[in-house]
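Generate the whole structure from the sequences, applying the supplied hints.
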Amino acid sequence: GEVRMMWYSDGIEGEVMQDLLNRFMEENPDINVTLDNVAYQVIMEQLPIQLASGEGPDIARVTNLKEQAEHWLDLTDYVEDPEYWRTNFGDQFDWMRPDDSDIIPGFMTQLTLTGGFANATLFEQAGVAMPGEGATWEEWVEAATQVQESQQTAGAFSIDRSGHRITGPMISYGANLVGEDGKPAPLDDAAKAFITQLVQWTDEGKNLRDVWVSAAGTTYIPGADEFINANIPLYYSGSWQIANLSTKIGDAFDWVAIGSPCGDAGCTGLPGGAALVGIKYTQNPEDVGKVMDFLAREDIVKEFSERTLFLPAHKGVVEAGGLNFQTEDPSAKAALEAFVGFTGTIMPEANAMPAWRYANAVYGGMVNRISQAMAGEMAVEDIFARIDSDIAEQVAAADQTK
Amino acid sequence: MRPATSAGAVVTAPLRWLARATDVPLSAWQRLTGQRGMIALFLLPNMAIFGIFVLVPLVINLLYSTTGGTEFFLSDRPQVGADHYARLLDCGNYLDPNSCRDDMFWIAVSNTARFVFFQVAVMTLAALITALILNRALPGKGFWRAVFFFPVLLSPVVVGLIWKWILQRQGLANLFMVELGLEPVNWLTDRLWAFVAAVGVSVWAHMGFYTLILLAGLQAIPRDLYEAAEMDGTRPFRVFWRITLPLLMPNLLVVIVLSLIRAVQIFDEAYVLTGGGPGTSTMFMTQYIYEVGFANLLRNPGLAAAASILMACVLIVLTLLQLYLSRRSGAK
Amino acid sequence: MGAITLENIVKSFGAVEVIRDVSLDIPEGELVVFVGPSGCGKSTLLRLISGLDQPTSGHILIDGKDVTRVSAADRGLAMVFQSYALYPHMSVRQNMAFGLENTRMPKAEIASRIEEAARMLEIGPLLDRRPGQLSGGQRQRVAIGRAIVREPTAFLLDEPLSNLDAELRGTMRAELAALHGRLGKTMIYVTHDQIEAMTMADRIVVLRAGVVEQVDTPLNLFNKPANRFVAGFIGAPRMNFIEAEDGRVMGVRPQHLRLADGGLAVTVDMAENLGAETLIHARTDKDQPILALLPGQLTPTRGENLSLVHDPADEHWFGADGLRL
Amino acid sequence: MGAITLENIVKSFGAVEVIRDVSLDIPEGELVVFVGPSGCGKSTLLRLISGLDQPTSGHILIDGKDVTRVSAADRGLAMVFQSYALYPHMSVRQNMAFGLENTRMPKAEIASRIEEAARMLEIGPLLDRRPGQLSGGQRQRVAIGRAIVREPTAFLLDEPLSNLDAELRGTMRAELAALHGRLGKTMIYVTHDQIEAMTMADRIVVLRAGVVEQVDTPLNLFNKPANRFVAGFIGAPRMNFIEAEDGRVMGVRPQHLRLADGGLAVTVDMAENLGAETLIHARTDKDQPILALLPGQLTPTRGENLSLVHDPADEHWFGADGLRL
Amino acid sequence: MIRFLTRRRGATGDGHGWHWTDIATWVWLIGGTILMFGPAVWLVLSSFKTPAGLAEFPPTILPYAQETTMLGDQAKPLFEVTLEDGITVTMAELRRVGIVAQMVPPDQPDAEPLKININDRTPVRQMDFATENYTQPFLQFDFVLFLRNSVYVTVMATIITLLTNSMAAFALSKYEFRGRNAVMLLIVATLMVPLSVILVPLYSVVSAVGLINNLWGVILPTVATPTGVFLLRQYMLTIPDELLEAARMDHASEWQIYWRIVLPLAAPALAVLAIFSVVWRWNDFLWPLVVLSRRELYTLQIGLNSYAGELNVQWHFILAMTVVAMIPVVLVFVFLQRFITAGIAGTGLK
Ligand SMILES: Nc1ncnc2c1ncn2[C@@H]1O[C@H](COP(=O)(O)OP(=O)(O)OP(=O)(O)O)[C@@H](O)[C@H]1O
Ligand SMILES: Nc1ncnc2c1ncn2[C@@H]1O[C@H](COP(=O)(O)OP(=O)(O)OP(=O)(O)O)[C@@H](O)[C@H]1O
Ligand SMILES: O=P(O)(O)OC[C@H](O)CO
Ligand SMILES: [Mg+2]
Ligand SMILES: [Mg+2]
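Protein chains in written order, with the numbering used here: chain A, 14 to 415; chain B, 366 to 697; chain C, 36 to 360; chain D, 36 to 360; chain E, 9 to 358.
If a hint is listed, it holds; no wrong ones were tucked in.
Negatives, chain A to chain B, calculated, CB over 10 Å:
| # | residue |
| --- | --- |
| 1 | Glu-28 |
| 2 | Met-38 |
| 3 | Asn-45 |
| 4 | Ser-114 |
| 5 | Val-141 |
| 6 | Pro-144 |
| 7 | Gly-145 |
| 8 | Glu-151 |
| 9 | Asn-337 |
| 10 | Thr-340 |
Dumping the calculated SDA-like pairs for lysine to any residue here, alpha-carbon to alpha-carbon at most 25 Å:
| # | chain 1 | residue 1 | chain 2 | residue 2 |
| --- | --- | --- | --- | --- |
| 11 | E | Lys-84 | A | Gly-263 |
| 12 | E | Lys-123 | A | Pro-343 |
| 13 | E | Lys-123 | E | Gln-74 |
| 14 | A | Lys-196 | B | Gly-434 |
| 15 | A | Lys-293 | A | Glu-15 |
By construction, these hints were calculated from the structure, which means they are not laboratory data.
Positions of the beta carbon are idealized from the N, C-alpha and C atoms, including for glycine.
Next up, the structure:
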């Protein structure tokens, strides 16, 4: 029959997926899979409306996994070997299914992990040694500041403007964002400490102002271009940047993935990723199951990861190792391998975030106010109360049901 | 004959045939129902589409604003009465957003008010000057029109992007500043400059639209009035103030009303350009509504609807005021 | 102030030559009337003099100065447009004041001039209306008012009285003549009205298809038309032309025919009773149409035979080329 | 077809009553001329008949049917607007064809009617121009053409010849009269031209300030004006009024005065030479103005004393209330 | 005076010589060209840059790429190198280790590589148009399909917009009837509501009438645009009523009057609206994004936008396709703008 897959791309994964689907269709001539390449915005804003009215594609690549879990199809009855699925993808099922449920909703097409990158060439030119494993945020920022001073770069470092990006560091500082009732807790001292520190670094010109100050609200702004242009020696983003950095930096300088610097409580990044899920409202779940089975095959997952330079979420693939990422760029290759290693340092609090319904409310609430403090509109002490109340209001409003 | 008229003939020949064909049933209708029937007929298609696709959603939106939760469909949403309005209007002092429960809303309101004022003023003036100039017989008329109209062809996102690239810290603008021996300017991260940039870019993007409206209006002013004025020995500025401007008034009114309404709705290009920053200094109403209702992962469509209804109320009052004033000042 | 000279003026619209080599000398203070068939170029000529249009070739001089390239605003003339061209958004008063305000005239002076013009034009009660609320004749009077309050170097008037009734027209004609006498300004006046032309003009310019046919005083034109066209055009009803054997043409005006025996034998086609006179449409035995304007209210029947005589002094003779002999 | 009846028509613009209780009966096929001073309501009355405006009160009947509420398009009349109102975006030909196309007339028929009208109006060469490229008189002829090609039940003509020269006007007048004769359609004709009114009208309606002063045949109006207003209005130049001791007024037309001893002694103010006649402006010893239209080209000097006599049959007497005695 | 508003005035008012208004005009025109056109030209030039070129700071105006030379079977980048003795030579880089580059003269690939500090060299660049930004999407992107959908939506919506709006505007400008002001007010009032605000309710309505994933679902909600009604009405008010009256006397039905008299006379305003409608519908993004989620129904803008991912946007493709998508609207504009002057020569009235 007819299967429609709604898909967004950050890079070439759309082409790779089309390629894989073509192969699938050759093997299964009775199933016609149409790949609807859409903007990420469609996935975020339009798909939910469609889902709410019981419409939508048969399969979709989504990132807002938990919130919409009720719409995912349980693949248990439609895949050939549910056990294969549970073994290889089971770790992330909780990210994408309602609490206390044991369905098989789909699988992660890629895992991501936040982490830092350093411009090795700049460090070398400045004659500053890169802090080693286990170095703290302060140490990294200090080292980067020395590079900044020596090389006259615009800033010492940058973190993407995103609540998701600063949550890892906050957890490393020891922050606990989840209250006992499972709802967001008011900011604790560790959280406040990191925020205060970050704002101070911004005021001092270490954290490149432009990234955080150039927007209001929850708008996501990456600092990648500043890093690419060697305006900052240190950049905190995530594994998904590797392909982007590789194409745009090219041979201009050497760069390395440094993982997440440490705080008092640990050195964690925040995991995440995108999942391919079946949609409950599909007319032919059997075909959906077949497509999903094909795409979840170990060799296919491996090929997909290697070609797209994504971290695979398939346990078998990860454990087997030996992924041959298809890039000429030694920096990229090294970074990918490094990130696979960093997955070991994820703290349990960080690992819990993707499955937490209110994570997004917390992320959004923080970004908005922190950038206000950075822009000088509010004192940093004053933003904490606002962050707490913003989040509380959002949660209260969201929890209203009929 | 001017080329335009012959081009016109190509278009009008089939149209005339169509007129004849359509006239049979329609004049029957006229005989049957008289002028009133015809008025109804002329209004019907537009009003029907308008009713279904504008009015009905508006009413739903109003209902929306009295419901809570994150669900999309009205039937799934719990009633919360005027809660959203209460939240938005809960302020210690309406002039100080910080004293409000929802300070972002009031920041957006005051930013929007300032933006509208400057944008409408600057743009109307620029469009008027440009239209006057384009109305002169210039060599290469079409080319100049295209030049000033060109940005209108661009989608707002592209507009925002182009200018973001131009104005960012190491963009083209600062490149020129340095070339000219001036200090680079923080166009997008300085509160004042970012606001100026938002106004300027929006003027840049939409001016051609209004210029065209004014140009069409200028073309409709009978020539012999200018000739009479010239015989009256009128100086150019006076002709402008006393002849051109009053006769252009209906069109100017269109321009002011439309630009005002569109300015209040400013979103895409400013959003891409400044994202509302630095801080919140260019965050406008629609961005607020958009974020609350869509962008935030925990959306609150009810609150967004309530904010949009408040915004529409303000706009209606503004427009009515404007229509009233212009009617009183004697323009037709 | 106000002598106007046209030197070899030509004006074309596209391929159509509308004015063909017109030269004319209008001394200061003269009242010149342009007459000619509809579409012969009278309005066009006025527009060229006013500066609103540029001649295709030729020169226009005002007081000896070449103004061909001077803008209309700077020529200091006033014009009454055939189309009125009133400012639709201004009241009658504002329409008239507009030109004066341009010269920064004191308010009181403006008001008194408007007062005076309104009195003369009988539009006092209309001063606060907009043009859209006026009748045709009222609009025309406002257009005249707008010109005369200006007291310009010269007036250009394009059929300024065409929409007025006979009585008002008579009054206005006298007023305009008086104005001309009082101000001594040059006036160029386009009209289709024979009486206006005859009574007001110092000289009449007869145009045909963009060419000047004759320029002379009214009586000279009437008494000694230079050619058949002028003879036919000046004087109403139109002059009768009777072809002689030798190709020459004899002209005699309908007013100069009398009923008397032994004259030209004609057959009546129709009689139009004008009140004090009767216009007889008749034809000769050679089927040439003849008009006769006879005093009194006559009622000849169709087909009746009449005999018309005239004074030989009233005969006009034209050659085969149409020129006066 | 085409009998028009007005019953107690009143029309106000805001507070201004422009037409005040006009009742009128126009039998089928009659040619009625409306005359009256500028602004008296002639155009307004035409618009009411046409259906373009609605009377404030009163009824309009066509062929006995009350059409007061019938739309203009359905009254089947044709109108020549004082302002022409040509469609600026259409060529002359299209302007004329428009009304015919609306009646779904065959193309060939349309073309032949336009051809015919263009010939009669002498606008053949202009058929493919736009109105903006025409002279005033040419536009007016197009406006007439647009009406006559329609061959409507009745014609409403608002000063259709005012912008034409005397010759063309004469021709057009004859053509319109012939058209009227040929089609036998009712025509309502507004004019300021005495000759047009006198020669064309079956009956003339004299209006003043929205009121009908007199309705009668041209000669009756001329010979027996119902009151001083009509007497003064009909006939050009205007009738002389000489006040008698008893408050009565004697009127005598300028045309009826002759130079002869023992008549009214007057002093000449001015003489206007019209070509075949001379218009003498003079005043009596009681300072009453007197006009005399005398044949020939006279040149009395200012201040000269003349003696004017007239036939007692040409006297008109009016009471103090202005009514004819 | 008329010349100030209609043609070059000239010092003497006849189009010869220079009046200050001429100078002001040309200053405005040329300044305007730089300001209005400059960024657009830059957009076009940028669309030929590689992703790296786009990200580059400071930006170059023209697209550049580093020159390379073939050493063996590998392309190696060329640099201008300043040697210790101050001489500048062109060298190819074999490889770079940290801040040191190993370089050889391009004509001596086998020479002993020199170790050069990377600060002592600058890349040799030449203009290079990355045409693959255009060709690649054409290959994998169903350009023709999307184009067809866009054209369909634009043409249909524009025709319906012009027709319905002008009909409504005609009724609202040339007839007196009860409730006219109320209708006008309603129309103006609803101008106020940005689409993004009523998106969800509108979606429910469109979904209720079954137009989701249907091009008509994109077309219909946009055609009753109050902007058009408002614009046309204001313009129609300036058409003299007498022309309509003349047409009534010509036995024209009200429909004929609308079609044969009012529409042609409103040509300038219709042209303006047509231009706008085409631009709007062509660029429409948010609404089609909601209604159309099937590839075979995508309009160009939606197709284009599929290059916008979660964390990265492939600007090089978006820019190139933006430029391509712009061409049809430019053509429409060039064609229609003539009608703005082709309007009315004089009003046809006395
Ligand atoms: N729209 C209007 N509002 C107010 N008054 C008006 C309006 N239209 C006409 N009038 C007045 O009504 C009166 C009659 O006008 P109408 O046009 O009928 O005159 P008319 O007899 O045709 O004059 P004319 O011979 O000058 O054309 C005039 O005094 C005029 O000023
Ligand atoms: N813009 C134009 N384009 C082409 N021909 C024109 C234009 N304007 C006028 N004409 C033609 O030029 C000739 C002269 O026109 P003009 O208006 O001077 O005539 P006129 O003598 O004033 O006539 P009337 O007595 O009818 O007003 C006419 O034949 C007219 O058709
Ligand atoms: O301003 P509106 O509502 O008329 O809409 C215009 C276009 O639809 C905007 O894209
Ligand atoms: Mg003329
Ligand atoms: Mg009138």
